[in-house]
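Protein chains: 2
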Amino acid sequence: MKTRRSDRLIDMTRYLLERPHTLVPLTFFSQRYESAKSSISEDLAIIRRTFKQRQTGILETVPGAAGGVRYIPMIGIDEANEFISEMAGRLADTDRLLPGGYVYLSDLLGTPEVLRQIGRLIATQYLDSRVDAVMTVATKGIPIAQSVSQYLNVPFVIVRRDSKVTEGSTVSVNYVSGSSDRVQKMELSKRSLRAGEGVLIVDDFMKGGGTVNGMKSLIEEFDAETVGVSVFAEGTFNGDHMVDDYTSLLKVDTVDGKEKSIHAAAGNYLQRNEDLLKELGN
Amino acid sequence: MKTRRSDRLIDMTRYLLERPHTLVPLTFFSQRYESAKSSISEDLAIIRRTFKQRQTGILETVPGAAGGVRYIPMIGIDEANEFISEMAGRLADTDRLLPGGYVYLSDLLGTPEVLRQIGRLIATQYLDSRVDAVMTVATKGIPIAQSVSQYLNVPFVIVRRDSKVTEGSTVSVNYVSGSSDRVQKMELSKRSLRAGEGVLIVDDFMKGGGTVNGMKSLIEEFDAETVGVSVFAEGTFNGDHMVDDYTSLLKVDTVDGKEKSIHAAAGNYLQRNEDLLKELGN
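As they're listed, the protein sequences go chains A and B.
Everything in the first sequence is counted per UniProt numbering, starting at 1 for the first residue and increasing by one.
Everything in the second sequence is counted per UniProt numbering, starting at 1 for the first residue and increasing by one.
Hints in this document: simulated from the structure, not taken from any laboratory.
Treat the hints with caution; some may be incorrect.
Which copy is meant is left open, so a pair is good if it fits within one copy or across any two.
With a cut-off of at most 30 Å between alpha-carbon atoms, the simulated BS3-like pairs for lysine-lysine come out as follows [claimed, not checked]:
| hint | residue 1 | residue 2 |
| --- | --- | --- |
| 1 | Lys260 | Lys164 |
| 2 | Lys164 | Lys216 |
| 3 | Lys216 | Lys185 |
| 4 | Lys185 | Lys251 |
| 5 | Lys164 | Lys251 |
| 6 | Lys278 | Lys37 |
| 7 | Lys258 | Lys190 |
| 8 | Lys164 | Lys190 |
| 9 | Lys251 | Lys190 |
| 10 | Lys251 | Lys278 |
Chain A extracted, bound-state conformation (with noise of 0.2 Å):
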């Protein structure tokens, strides 16, 4: 059935929003729509429009017999500065201060709104990076783990701290703590990486980077390659950091003594990225 404009656009931004970074042929639409080519053309010149204007993202076109659109899933200035501002002012009520001046972060990490845009802040971040595979370790990182996955349209593996039947084989590392200086051992099962891949490390939180670190060694052992390093809150940490290439979203301070108190600002990745989510308003 031959469709209408309307109805193209309708089905085609779903179709491209639940696709970021594949390359649609034209041709796909244009049997899927029974309509010409040259009517599919200006439907994808009218979503790059608008998806330009509202920030949605990049509708990239690529020329030739082999070519097509891809979506490519952004986020601009004004919508990272809001909500990074709107996390860290919900991160610096007391009430989420805990013993051992940990923060309570569970709540904000189950909440599909708040993931959704910590995976678009995150994957703008790689949009013209080779990311294979999304990493993290087991259990807070994992919901980051899986809205950036989304966004990239990437798998995403998961580190554990204990060994589990349903895994099978696995390669496991030692890594140092950086907060207790504790040896501790991870492992990911042997079947999630292969040699060569690109893999971005994401975390819930970090303080002194030896959990990160130690995804790095993991990676190494699958001779595989560390793209990059972004966590959701990075710690105040008094001690050399075991990781200095990463952005953070938020920066928290707590101080958990007579006085308790917890200070929430923004981490480096505004200030990192900045001229990349300019790039979308322009």
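Assemble chain B onto chain A, guided by the hints.
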């Protein structure tokens, strides 16, 4: 700036898809696009028709002053059938068989495309139920809980078998793992649930149902209510099931002896939800 219909259709589609089960007042769209309510109503009628025709979901209209529109994601019978058959085919690969008759699922449960469909399938079942939170147990249930929570647009909470300093005070229960007959402990942060909430339990795999039963007791401890139980796959179990009211997308049968075999077929999901899934097509 007054917008054209085509721009509105694209942006409204995106806006609605990102906010399932959320009532959006017509005045919101009318202001966002500086367009008359009558034009917005016509736009929504077009979106409603396309969503229905392409089996994306239902666009519900709530009349009156406090009214608006609400997008309810659904999956149609054909797409549900197709996805479950595809998964059964992928599960029945003997390479997935692990020592002890366990099945390797981490690749599937780390693939955005697969999680998206699992989320849509399970969310469709509960579109008319009052689900306030989705619950699962760490680690492998998390991606499923997150995906379902996206489509129902409610938070998800993670039960843990190990105690963590980052969860604050917890409520714990003991439970009997049906397959091993061991008594174990699981716990959930006190802040995760409130009395009276409706909770949907999801998990990746169920054998005897001991873990699911543990989650049910935990929900009782919070004076909350179990709305339903849905798992990705159920395994064959020679013994009394501890849970009888559940749905499974798949059913897996493994033999790990001298001869190794793995057999996968559709679970009871399709049969239980046939009428509901056919509704979208009508």
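Inset, instruction - If the cutoff is 30 Å on CA atoms, where do Lys278 and Lys37 land: within, between, both or neither? Let me know, please. - result: Intra 33 Å, inter 33 Å, cutoff 30 Å: neither.
Inset, instruction - With 30 Å as the alpha-carbon cut-off, assign the pair Lys251 and Lys278 to within, between, both or neither. - result: Answer is within: at 22 Å inside a copy they meet the 30 Å cutoff, but 49 Å across does not.
Legend entry - Intra- versus inter-subunit Cα pairing at 30 Å for Lys258 with Lys190: between (47 Å within a copy, 24 Å between copies)
Inset, instruction - Pop the pair Lys164 and Lys190 into one bin, within, between, both or neither, using alpha-carbon distances up to 30 Å. - result: Both: 13 Å inside a copy, 27 Å across copies.
Inset, instruction - Up to 30 Å between alpha-carbons, please classify Lys260 paired with Lys164: within, between, both or neither. - result: between (39 Å within a copy, 21 Å between copies)
Legend entry - Within, between, both or neither: Lys185, Lys251 at alpha-carbon 30 Å: Intra 27 Å, inter 34 Å, cutoff 30 Å: intra-copy only.
Inset, instruction - If the cutoff is 30 Å on CA atoms, where do Lys164 and Lys216 land: within, between, both or neither? Let me know, please. - result: Answer is both: 21 Å inside a copy and 24 Å across each meet the 30 Å cutoff.
Legend entry - Alpha-carbon proximity between Lys164 and Lys251, which holds within one copy, between copies, both or neither at 30 Å: between (33 Å within a copy, 22 Å between copies)
Legend entry - Within, between, both or neither: Lys251, Lys190 at alpha-carbon 30 Å: between (34 Å within a copy, 26 Å between copies)
Legend entry - Lys216 and Lys185: within-copy, between-copy, both or neither at 30 Å Cα: This pair counts as within: shortest intra-copy Cα distance 13 Å, inter-copy 33 Å.
Checked against the numbered hints listed earlier, the structure breaks hint 6 alone; every other hint is satisfied.
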